[in-house]
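Residue numbers (the numbering used here), protein chains in the order written: chain A, 1141 to 1236; chain B, 1141 to 1236; chain C, 1141 to 1236; chain D, 1141 to 1236; chain E, 1141 to 1236; chain F, 1141 to 1236; chain G, 1141 to 1236.
None of these hints come from the bench; they were simulated from the model.
Hints are not guaranteed to be accurate.
BS3-like mimics (lysine-lysine), calculated; alpha carbons at most 25 Å apart, straight line [stated by the list, open to error]: (1) A:Lys1208 <-> A:Lys1155; (2) G:Lys1155 <-> G:Lys1235; (3) C:Lys1144 <-> B:Lys1235; (4) B:Lys1208 <-> C:Lys1208; (5) D:Lys1235 <-> C:Lys1155.
Under 7 Å between C-beta atoms, here's a sample of chain C residues computed to sit facing chain B [to be verified]: (6) Lys1144; (7) Asp1190; (8) Val1194.
Don't be surprised by glycine CBs; every beta carbon is placed ideally from N, CA and C.
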Amino acid sequence: MNLKPLGDRVIVRPKEGEETLPSGIVLPDTAKEKPQEGEVLAAGRGEWHDDELVPLEVEPGDIVIFSKYGGTEITVEGEDVLILSARDLLAVVDKK
Amino acid sequence: MNLKPLGDRVIVRPKEGEETLPSGIVLPDTAKEKPQEGEVLAAGRGEWHDDELVPLEVEPGDIVIFSKYGGTEITVEGEDVLILSARDLLAVVDKK
Amino acid sequence: MNLKPLGDRVIVRPKEGEETLPSGIVLPDTAKEKPQEGEVLAAGRGEWHDDELVPLEVEPGDIVIFSKYGGTEITVEGEDVLILSARDLLAVVDKK
Amino acid sequence: MNLKPLGDRVIVRPKEGEETLPSGIVLPDTAKEKPQEGEVLAAGRGEWHDDELVPLEVEPGDIVIFSKYGGTEITVEGEDVLILSARDLLAVVDKK
Amino acid sequence: MNLKPLGDRVIVRPKEGEETLPSGIVLPDTAKEKPQEGEVLAAGRGEWHDDELVPLEVEPGDIVIFSKYGGTEITVEGEDVLILSARDLLAVVDKK
Amino acid sequence: MNLKPLGDRVIVRPKEGEETLPSGIVLPDTAKEKPQEGEVLAAGRGEWHDDELVPLEVEPGDIVIFSKYGGTEITVEGEDVLILSARDLLAVVDKK
Amino acid sequence: MNLKPLGDRVIVRPKEGEETLPSGIVLPDTAKEKPQEGEVLAAGRGEWHDDELVPLEVEPGDIVIFSKYGGTEITVEGEDVLILSARDLLAVVDKK
């Protein structure tokens, strides 16, 4: 992917709709905050805490659960992706 | 559980409804902030105070009282769980 | 009590209604912010100021005046108690 | 007085109504922010600026002008008093 | 004046109405933020930036332009004055 | 000019209406945030970042583009000028 | 360009409408936050994190995706450009 997120942002390829995902996680369509599962395609350089730049907890290839609220939808090379702040990422699927 | 919460988030398996719980705690259905009891299944790496990352006060296995407001419901391996910020945890049941 | 408040929270056993309390303090039912008197049953580890964790000013056994707004009601071992932030405590009755 | 205010709070005995006070100050009943004159009965340990606890600028016996907004009314030993944040104190009458 | 402002507050004696002032400044009655000219009668000890107390930029005798919004009107020794935060002061007339 | 702005404020002499300015910049009358061009007549001592006072990026004589929102209009020595915060300045025309 | 953005602001020449851009990115007209692609023409000196001034992540010539919300439109030398905060930049197209 030739797009680099800025700041604490990540680019995520979402998996849409309610279904049992390979990870065994079901995300209800009706949830207030619309949780979603997706794959991190690219990650920004980090988030600032005071004057410290702290690298993000996720990296490309991670499968994440995120809150859809606040993300921005764009289409890159034919794929629908989301740019969102790392603050909107809720959890990451452990790599075995 | 193969889900790791990010930042100051925790994953909690809630106990629903008004009943006297084994811990002797009753949580009214009618309460404004909807307190709930549940078990911590996983905990994020901590919360930031200025540029210090401080580990959370709870760990997997803890029984906690939390405010339902703000949590995100998902289903993992057939179980309904909540992802919520550690700021929404009110108290923890002491381990004897 | 087998419940430990988290962060800057305290658990308080409130005294309800308008009456002259043993401490000589009257709390009007009609007050905008609903002040109340109660006894601290348990106190969290403290509050953060920048990256310093500062112990709370109150401890179990203290009689406090607090603002009811924002507290969460639960029932523990048959007793109605409130979990509230130390920021909602207004004053403490001096121990003689 | 056997009540100790917590944090940056003070307990003040207000003087009610529009009148020329001994200090020569008139406080209009119609003012938007309802300024009032009163005597400080007790003062909390201070206010936090970052991780520094700074003692309050007032002490018991001081006559202060304060903004009524935000204070909590209680009755202590037969006297109507207010608990309010030191931020709501506007000015203090100089001691000669 | 026997009133000492607290914190970053100042006491100002305002000049009311639209007129060409001796300083050559006209303040329109219709302005959204209602700028006013007045004389500083007393100044608080300063304003906090983090844990540093910084003295105010104005002192008694200064002629200032201020935003009327947020000030509190009181009458001291027969004079109508305003107590306002130094943040509401916009400019000071240079002393020649 | 005998007015000194306080804090991070600047005094600007605006150029009104939509026209092609000598700098070649056109500012539409219809823009949501109403950008304007003007000349800085005076600048405050700086803006605070934590406990550091940082001098402003502009000085008297600079031609600036600013957001009209939030400024206060006054008339000084027959000229209509604006007092606004340096945060409302968007750009400065390079001096050749 | 003879305009220098102030603070954390950048000047961007936007590409309007929904189309497949040379970079292969499609930005839907209907998106809630109206993402757009454009070229950075000039960049401010940086953004403050506490008392540290941190240079921006982008420089003139960069192709960026940005959120249109909050930008200010002006016309410079016949070109429609936007002045916006670096916080509104979402991602940058990698230079090969």
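Hints versus structure:
For the hint pairing Lys1208 of chain A with Lys1155 of chain A, the CA-to-CA distance comes to about 11 Å; that is within 25 Å, so the pair holds. Only pairs whose Cα atoms come within 25 Å are accepted, and Lys1155 of chain G paired with Lys1235 of chain G is accepted, the gap being roughly 18 Å. Straight-line distance between C-alpha atoms of Lys1144 of chain C and Lys1235 of chain B comes to about 10 Å, which keeps the hinted pair within the 25 Å bound. Between Lys1208 of chain B and Lys1208 of chain C the alpha-carbon distance is near 19 Å, which keeps this suggested pair within the 25 Å criterion.
Annotation: proposed proximity of Lys1235 of chain D to Lys1155 of chain C is violated, straight-line Cα distance about 40 Å (limit 25 Å). Annotation: interface hint on Lys1144 of chain C holds; nearest CB of chain B at approximately 5 Å, less than 7 Å. Interface hint at Asp1190 of chain C: satisfied, since its Cβ lies 5 Å from the closest Cβ of chain B, which is below the 7 Å cut-off. A distance limit of 7 Å between C-beta atoms decides the matter here; for Val1194 of chain C the minimum to chain B is near 11 Å, and the interface restraint is violated.
Going down the numbered hints, you'll see the structure goes against 5, 8, while the others check out.
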